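If you read the sequences in order, they're chains Y and W. Anchor point for the first sequence: position 75 equals 75 in full-length UniProt numbering, and the numbering is continuous, going up by one each time. Anchor point for the second sequence: position 129 equals 129 in full-length UniProt numbering, and the numbering is continuous, going up by one each time.
Rather than coming from a laboratory, the hints here were simulated on the basis of the structure. Everything numeric in this text was worked out from a predicted model, so none of it was measured. Among the clues, some could well be false.
Pairs involving identical chains hold if they fit within one copy or between any two copies, as the list cannot separate such chains.
[Stated by the list, open to error] Using 20 Å as the maximum straight-line C-alpha spacing, the simulated EDC-like pairs for lysine to aspartate or glutamate come out as follows:
{"hint": "1", "residue 1": "Lys217", "residue 2": "Asp102"}
{"hint": "2", "residue 1": "Lys217", "residue 2": "Asp256"}
{"hint": "3", "residue 1": "Lys119", "residue 2": "Asp167"}
{"hint": "4", "residue 1": "Lys399", "residue 2": "Glu474"}
{"hint": "5", "residue 1": "Lys40", "residue 2": "Glu64"}
{"hint": "6", "residue 1": "Lys40", "residue 2": "Asp380"}
{"hint": "7", "residue 1": "Lys119", "residue 2": "Glu168"}
{"hint": "8", "residue 1": "Lys217", "residue 2": "Asp291"}
{"hint": "9", "residue 1": "Lys119", "residue 2": "Asp428"}
{"hint": "10", "residue 1": "Lys46", "residue 2": "Asp380"}
{"hint": "11", "residue 1": "Lys46", "residue 2": "Glu6"}
2 protein chains.
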Amino acid sequence: MAIPVETFYLNPDGQGTLQAQIQQMIAAGILSGRFRVGEKLPSSRKLARHLGVSRITVTLAYTELLANDYLVSRGRSGYFVSENAPIPPTYDPPAATEDNVDWSRALARSFTGGDTPRKPADWHSFRFPFIYGQADPTLFDHANWRLCALRALGQRDFASMTGDYYDEDDPLLVEFIARNTLPRRGITARPTEILITLGAQNALWLTAQILLNRRRKAAIEDPCYYSLRDLLMQARCPLTPVAVDADGLPPAAIPDDTDVIFTTPSHQSPTTATMPLDRRRALLDRAREIDALIIEDDYEFEMAFLGAPSPALKSLDRDGRVIYIGSFSKSLFPGLRLGYLVGSEAFIREARALRASVLRHPPGHIQRTAAYFLSLGHYDAQIRRMASVLHRRRRTIEKAIEEHGLTVAGRGVYGGSSLWMQAPPGSDTARLAEILRERSVLIEPGAPFFAGEDRPTHFYRLGYSSIPSSRIPEGIHRIAQALAS
Amino acid sequence: MAIPVETFYLNPDGQGTLQAQIQQMIAAGILSGRFRVGEKLPSSRKLARHLGVSRITVTLAYTELLANDYLVSRGRSGYFVSENAPIPPTYDPPAATEDNVDWSRALARSFTGGDTPRKPADWHSFRFPFIYGQADPTLFDHANWRLCALRALGQRDFASMTGDYYDEDDPLLVEFIARNTLPRRGITARPTEILITLGAQNALWLTAQILLNRRRKAAIEDPCYYSLRDLLMQARCPLTPVAVDADGLPPAAIPDDTDVIFTTPSHQSPTTATMPLDRRRALLDRAREIDALIIEDDYEFEMAFLGAPSPALKSLDRDGRVIYIGSFSKSLFPGLRLGYLVGSEAFIREARALRASVLRHPPGHIQRTAAYFLSLGHYDAQIRRMASVLHRRRRTIEKAIEEHGLTVAGRGVYGGSSLWMQAPPGSDTARLAEILRERSVLIEPGAPFFAGEDRPTHFYRLGYSSIPSSRIPEGIHRIAQALAS
Chain Y
1 MAIPVETFYL
11 NPDGQGTLQA
21 QIQQMIAAGI
31 LSGRFRVGEK
41 LPSSRKLARH
51 LGVSRITVTL
61 AYTELLANDY
71 LVSRGRSGYF
81 VSENAPIPPT
91 YDPPAATEDN
101 VDWSRALARS
111 FTGGDTPRKP
121 ADWHSFRFPF
131 IYGQADPTLF
141 DHANWRLCAL
151 RALGQRDFAS
161 MTGDYYDEDD
171 PLLVEFIARN
181 TLPRRGITAR
191 PTEILITLGA
201 QNALWLTAQI
211 LLNRRRKAAI
221 EDPCYYSLRD
231 LLMQARCPLT
241 PVAVDADGLP
251 PAAIPDDTDV
261 IFTTPSHQSP
271 TTATMPLDRR
281 RALLDRAREI
291 DALIIEDDYE
301 FEMAFLGAPS
311 PALKSLDRDG
321 RVIYIGSFSK
331 SLFPGLRLGY
341 LVGSEAFIRE
351 ARALRASVLR
361 HPPGHIQRTA
371 AYFLSLGHYD
381 AQIRRMASVL
391 HRRRRTIEKA
401 IEEHGLTVAG
411 RGVYGGSSLW
421 MQAPPGSDTA
431 RLAEILRERS
441 VLIEPGAPFF
451 AGEDRPTHFY
461 RLGYSSIPSS
471 RIPEGIHRIA
481 QALAS
Chain W
1 MAIPVETFYL
11 NPDGQGTLQA
21 QIQQMIAAGI
31 LSGRFRVGEK
41 LPSSRKLARH
51 LGVSRITVTL
61 AYTELLANDY
71 LVSRGRSGYF
81 VSENAPIPPT
91 YDPPAATEDN
101 VDWSRALARS
111 FTGGDTPRKP
121 ADWHSFRFPF
131 IYGQADPTLF
141 DHANWRLCAL
151 RALGQRDFAS
161 MTGDYYDEDD
171 PLLVEFIARN
181 TLPRRGITAR
191 PTEILITLGA
201 QNALWLTAQI
211 LLNRRRKAAI
221 EDPCYYSLRD
231 LLMQARCPLT
241 PVAVDADGLP
251 PAAIPDDTDV
261 IFTTPSHQSP
271 TTATMPLDRR
281 RALLDRAREI
291 DALIIEDDYE
301 FEMAFLGAPS
311 PALKSLDRDG
321 RVIYIGSFSK
331 SLFPGLRLGY
341 LVGSEAFIRE
351 ARALRASVLR
361 HPPGHIQRTA
371 AYFLSLGHYD
381 AQIRRMASVL
391 HRRRRTIEKA
401 IEEHGLTVAG
411 RGVYGGSSLW
421 MQAPPGSDTA
431 RLAEILRERS
441 VLIEPGAPFF
451 AGEDRPTHFY
461 RLGYSSIPSS
471 RIPEGIHRIA
481 QALAS
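If we strip away everything but chain Y, and leave its shape as in the complex, we get:
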């Protein structure tokens, strides 16, 4: 590849002769790894014109670099980076500037820290990845996704892919969600009551920014999804963790002064408890009584292979009090970053305005691709295939767990893709996870899900959405071994 002439700049504060500066610039580019072996330099004529120097200056610099073995000449084809030049494997230039800014003072707010654990990016290389929420490439209908993406990249859809929509969404995707996805949860919503988000994370974040501040109180489930707790901490609202039981969030335990209730009724995260219909009604009554809003995170409802999922809380809402969050992260793949918010128009209008300010809109091309994948029926086929595989894995993992005498603390009654597990009291599952990692087993320690200082350390989560059935027994065997020792 030729190195574009536009990437050459003389430092306006440069020292020495122009020829020396050009030599230095090219040598520095080679030494930092910016230029690679075999790449072609611009002709002396071109570079001279670009830098505004005489051609002989460039020629002399090139000749000097040739003599020092940084470059080789291939006659009339020009100059190339030499094989003998000392080039690092990746581009890692020396720090360009000293940092003379006092960042501890310059930052108005800090967002680092928090409970969200850093998961191993190389989970594919583990033999027994009992991880949660990552796509299993073997389950995804890759061929049809590609066809839908191609169609969305066609001339006809070009405008929807390339245009700036300001604050709008792809109308095809919104209509499909309204007509086909939400009715599966018993929800009736107009397009103006729906907003596409960059995944459920983005939906939760938007909701927190709009409904909460230092004076508004939020109630969250305990344990709960750690990233939710982190983003609420950033919203700086007072937080009350409410301990969940085998039926999920107990309405009576929600404090009277709560403004917003975050809940996962279909499949409590992480305990997997499903909230029974009676409690759903009680929760709605409680919210009405204290005039609170409810944020229903309905993740993973599609993975219902043991029985039909209950209708969403939102479907029972007669007040416009429930804001519903759906996502395609589990059923398609998380890297897609597509989710949606459903709520009253007054709320969706604000969420749309905030989203426009933060990022405008989710990329048009992925919205259109998803719309095609959904509307051509591939999504339904995909869900059925995933459900049947997950069902098989669930039977296998439950059998193995029973054989090895491990203790299940929670399992979704209608399906899901994980089990909530309990090691003997006093165990430290963070330590357990470290030991197991050495044995090519990944599990998720439970402590980060809990609020407060004194967190139970003996829970852990076993995901079965990314591990083939055939490896489950040996994986569980290794967990049992590690627990025993």
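Let chain Y serve as the given structure and place chain W on it in line with the hints.
Positioned in the frame of chain Y, the structure of chain W alone reads:
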């Protein structure tokens, strides 16, 4: 298409017999447009099992709907939505719930309003669209973008497309930006000093959240990009608009107590002024003197067809004081939503954490597609092609403007894709735009770019990135006509 059985739900609070409820549910689905003419209903056996009712109940409901002409029966193939059923063109269900929430009280903050104008989404249908910042489908290398997208959708890249990266970016894209894009601006940066964002809007927003609050003061150019002013108002920081001159932002006019300076030195937005090298140095000196940070929005630097763009302000930064924002919106297309932030590691770390909380990461597939398009050289070819077309359009528009005696208030010395125009003092270009819209001409009124109450109303912007050369003369003619009348 068959209507999936999963989309049928009986209202748990439903009135009347089960048969009546089923009839009502199906009729309501048809009347709201949820079910379309010709769609197949589930078999009575399937629906009965799904709803947990007896099959005869469903059969009786279907028979009744058949009699009322909502459904037709096609013998053994089953029941279909009848052509005679009254079906609205789009799905528009009646409001499901009364809104019993007092949203004026429930919203902790409002994000609607602001200066960002709503532009016509149907700009394609105007003959003379002098609009700014939309992609011209005729200039985009659609075929190679498709090939890159396909490659990024291949099996080998599946993990990068589908995985949850938490807070990471595509390393291929980051390395390309570091090695090839930033050097064109004279900038040396390590991968840890780069963050991919959902477009420049997202980069500006992240920066404002991290560096500003109610006590930190920001200086902005006046006029400036209206969405920047809107998002800074949302960050609630005190704002000082500093009037720009023909060389852009005058450093001496920046107040001593400024914490963060937002500037567009390459191509002032919207006046298109290019800041000379001396003033760039003076601006850096001024920032050092008052210990302020500088946010450099380097949009559109690629459109340099009249001369090489000056090196970025960031390339002269010796303190780590400049945070640089780049974008692919203008050079690829805005719907892509890809931009990047370059700054000190301490800053990028916070921006990464905040981005993770807000949306995790930009979709993997679009990052990888862009990385291929860039690294295979298609991007450079695209830029060259765009530059040559824009150059031709620029000559055409300047000639037409001269012929019709219109007044240019600012034109980019090295290129760009717009001109900043001036109507006679006292004109109202918002009104002018309305009149022109009737004549199939789109222009952008200038007032929203200005801060404060008493905004000049006689400026307007003419973009030439979406209008073919051949239409420019007639478009300018119509503008001159409208101005004369």
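Hints, one by one, checked against the model:
no. : hint            : verdict
1   : Lys217 / Asp102 : between (35 Å within a copy, 17 Å between copies)
2   : Lys217 / Asp256 : within (10 Å within a copy, 39 Å between copies)
3   : Lys119 / Asp167 : between (33 Å within a copy, 10 Å between copies)
4   : Lys399 / Glu474 : within (12 Å within a copy, 77 Å between copies)
5   : Lys40 / Glu64   : within (16 Å within a copy, 78 Å between copies)
6   : Lys40 / Asp380  : between (51 Å within a copy, 16 Å between copies)
7   : Lys119 / Glu168 : between (34 Å within a copy, 11 Å between copies)
8   : Lys217 / Asp291 : within (12 Å within a copy, 38 Å between copies)
9   : Lys119 / Asp428 : within (18 Å within a copy, 57 Å between copies)
10  : Lys46 / Asp380  : between (57 Å within a copy, 16 Å between copies)
11  : Lys46 / Glu6    : within (10 Å within a copy, 66 Å between copies)
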